[in-house]
Amino acid sequence: MEILLVIIIGLLYAAGIYMMLRRSLVKLIIGLILLGNGANLLIFLLGKIVKGKPPIIEETEKMLGELYADPVPQALILTAIVISFGLQAFAIILIKRAYKVVKTDDLDEMNATDEDL
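Residues 4 to 120 in the numbering used here are what the sequence shown spells out, letter by letter.
Check before you lean on any hint, since a few could be wrong.
Claimed, not checked - Listed below are the simulated EDC-like cross-link pairs for lysine to aspartate or glutamate, each with C-alpha atoms no more than 16 Å apart in a straight line:
#1 Lys51 with Asp73
#2 Lys51 with Glu64
#3 Lys30 with Asp109
#4 Lys54 with Glu5
#5 Lys54 with Glu69
#6 Lys51 with Glu5
#7 Lys99 with Glu5
#8 Lys30 with Asp108
#9 Lys56 with Glu69
#10 Lys51 with Glu61
#11 Lys56 with Asp73
Claimed, not checked - Label pairs and their calculated CB-CB ranges:
#12 Ile59 with Ala94: 37 to 43 Å
#13 Arg26 with Glu61: 56 to 62 Å
#14 Ile11 with Gly68: 19 to 25 Å
#15 Arg26 with Ala92: 20 to 26 Å
#16 Leu7 with Val105: 38 to 44 Å
#17 Ala94 with Val53: 17 to 23 Å
#18 Arg26 with Arg100: 17 to 23 Å
Derived from the structure by calculation, the hints contain no laboratory data. Where a beta carbon is used, it is the ideal one built from N, C-alpha and C, also for glycine.
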């Protein structure tokens, strides 16, 4: 299972970087989304995949005796998802506004338009 996740993370990173190197702003955002998803999976994988109970200590016990799932990577992933969603929403609105002004999403044409101003 972990090998499969490592391969998927590598593919997400490769596809994300490839899309970010394209000239289109829409492809840039898609690459950013893929990189974010790859990073979330990497955090999940570093937290170790375990089938266990929640880390709740009973009143009669002093320590956890059984295998438990670590909640910290899960909390980090949830935070990263919220932050990446906000970043993506901002970038999409920014691209929409730039497209209205320049009438293109090609980065080279935007640079040429910027020099003419």
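Now the hints, each set against the structure:
{"no.": "1", "hint": "Lys51 with Asp73", "in the structure": "holds (8 Å)"}
{"no.": "2", "hint": "Lys51 with Glu64", "in the structure": "violated (25 Å)"}
{"no.": "3", "hint": "Lys30 with Asp109", "in the structure": "holds (10 Å)"}
{"no.": "4", "hint": "Lys54 with Glu5", "in the structure": "holds (13 Å)"}
{"no.": "5", "hint": "Lys54 with Glu69", "in the structure": "holds (11 Å)"}
{"no.": "6", "hint": "Lys51 with Glu5", "in the structure": "holds (9 Å)"}
{"no.": "7", "hint": "Lys99 with Glu5", "in the structure": "violated (39 Å)"}
{"no.": "8", "hint": "Lys30 with Asp108", "in the structure": "holds (10 Å)"}
{"no.": "9", "hint": "Lys56 with Glu69", "in the structure": "holds (8 Å)"}
{"no.": "10", "hint": "Lys51 with Glu61", "in the structure": "violated (24 Å)"}
{"no.": "11", "hint": "Lys56 with Asp73", "in the structure": "holds (9 Å)"}
{"no.": "12", "hint": "Ile59 with Ala94: 37 to 43 Å", "in the structure": "holds (39 Å)"}
{"no.": "13", "hint": "Arg26 with Glu61: 56 to 62 Å", "in the structure": "holds (59 Å)"}
{"no.": "14", "hint": "Ile11 with Gly68: 19 to 25 Å", "in the structure": "violated (34 Å)"}
{"no.": "15", "hint": "Arg26 with Ala92: 20 to 26 Å", "in the structure": "holds (23 Å)"}
{"no.": "16", "hint": "Leu7 with Val105: 38 to 44 Å", "in the structure": "holds (42 Å)"}
{"no.": "17", "hint": "Ala94 with Val53: 17 to 23 Å", "in the structure": "violated (35 Å)"}
{"no.": "18", "hint": "Arg26 with Arg100: 17 to 23 Å", "in the structure": "holds (19 Å)"}
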